[in-house]
Amino acid sequence: GAVVSQHPSRVICKSGTSVKIECRSLDFQATTMFWYRQFPKQSLMLMATSNEGSKATYEQGVEKDKFLINHASLTLSTLTVTSAHPEDSSFYICSPASGGTDTQYFGPGTRLTVL
Amino acid sequence: GENVEQHPSTLSVQEGDSAVIKCTYSDSASNYFPWYKQELGKGPQLIIDIRSNVGEKKDQRIAVTLNKTAKHFSLHITETQPEDSAVYFCAASPLTGGGNKLTFGTGTQLKVEL
Numbered sequence: 005g006a007v008v009s010q011h012p013s014r015v016i017c018k019s020g021t022s023v024k025i026e027c028r029s030l031d032f033q034a035t036t037m038f039w040y041r042q043f044p045k046q047s048l049m050l051m052a053t054s055n056e057g058s059k060a061t062y063e064q065g066v067e068k069d070k071f072l073i074n075h076a077s078l079t080l081s082t083l084t085v086t087s088a089h090p091e092d093s094s095f096y097i098c099s100p101a102s103g104g105t106d107t108q109y110f111g112p113g114t115r116l117t118v119l
Numbered sequence: 111g112e113n114v115e116q117h118p119s120t121l122s123v124q125e126g127d128s129a130v131i132k133c134t135y136s137d138s139a140s141n142y143f144p145w146y147k148q149e150l151g152k153g154p155q156l157i158i159d160i161r162s163n164v165g166e167k168k169d170q171r172i173a174v175t176l177n178k179t180a181k182h183f184s185l186h187i188t189e190t191q192p193e194d195s196a197v198y199f200c201a202a203s204p205l206t207g208g209g210n211k212l213t214f215g216t217g218t219q220l221k222v223e224l
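Protein chains in written order, with this note's numbering: chain D, 5 to 119; chain W, 111 to 224.
Extracted from the complex, chain W is given alone in its bound form (with noise of 0.2 Å):
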């Protein structure tokens, strides 16, 4: 089955800076990457997700990138808030075209500090 690894588990960034999360997978199979954030008692919220017929895709400061060759896909968040602060889940299927199977990534703290 697919398994997806995440680095780093911690990251603190002051405001303004770069954050960038990595994960790698080791699936072919998988097409299908979404990156969630998770505040503490809540359920995951989608950010942004990336097909395997795109290499990027940006949403306002948010960016994931994938490597397909290379099995890895990545998230950056530009100028950072405090607001930013969660945690963040990459993950990865396959489309199966009615509702993905998502195997999730171990998660990254991410801190923004004033």
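Just chain D, with the same shape it has in the complex (with noise of 0.2 Å):
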């Protein structure tokens, strides 16, 4: 499968600060990257979609002045929460994909607590 690393592992930090989450795809170019999140027990819920190059389409009800997802090379995506607070805290998760390929990978994942 393919090879997707996330930095920093785990984070913590204070309320009001800003969290710069890395992405990287190691083995292919990552036309698309999928932001994914999870809380506690609970499911995947897509955040927000990139492509290279241009501004990431948010889903419903994920602000995208919170969120700031930055896609400018084909193996590199950062995802930052701005001013987070406590119900930020959650697993987030990246999945890149390229044209021509239907498999899904995931990236390890990055645990957040805000407190």
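It should be emphasised that the hints constitute simulated quantities derived from the structure, not laboratory data.
Here are the simulated lysine-lysine pairs, DSS-like style, with alpha carbons at most 30 Å apart:
hint : chain 1 : residue 1 : chain 2 : residue 2
1    : D       : Lys45     : W       : Lys168
2    : D       : Lys70     : W       : Lys211
3    : W       : Lys211    : W       : Lys181
4    : W       : Lys152    : D       : Lys59
5    : D       : Lys24     : W       : Lys147
6    : W       : Lys132    : W       : Lys211
7    : D       : Lys24     : D       : Lys68
8    : W       : Lys152    : W       : Lys211
9    : W       : Lys152    : W       : Lys221
10   : D       : Lys45     : W       : Lys181
11   : D       : Lys45     : W       : Lys211
Need the complex rebuilt from these two chains, each delivered in its own frame; the hints are there to steer you.
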């Protein structure tokens, strides 16, 4: 399967600060990046979809000004949680994709805890 | 939009027994159905997937069946082992040829007991 890395694997921050999460596609060029969020004991929920070089498309209920997505290269996408609050504490997982492939792989996830 | 239901939410089996997890979906446009295994604190790991042009797919101890008419698909794990214990998610999406916007089921916590 595809090799996907995320950094950091876990982060603890104070309320009001911003946190950046990196997702790297190590063995293929990700023209599309999906960002998911998973609360404890719940399923994965799609937050946004980004195409390389374009603005991200956000799912209903996800604030685009709070969750900033950058997909400037085919191997790196970042998700920045701005002015984080305790309710943003969650497991954030990226999933890169490229044209011509149907199989969807996921990164190892980033555990965000906002105090 | 797509809605995926998954049952059961928890499943306990004895080692060596079979486990079956079932999912239903609502959108007839969906034609890609992957299954993921997620261990605690880790990202989902793809274990098997099926496309709507086939009714069954098998990979060693794991098999998936699809009934497109009834809009349901199932995961079958035979000869379960303790390392199969994890949360399993089904998902559905239309194939786009460049990344799938997956809708996930609610997950099944599988526990394989010795």
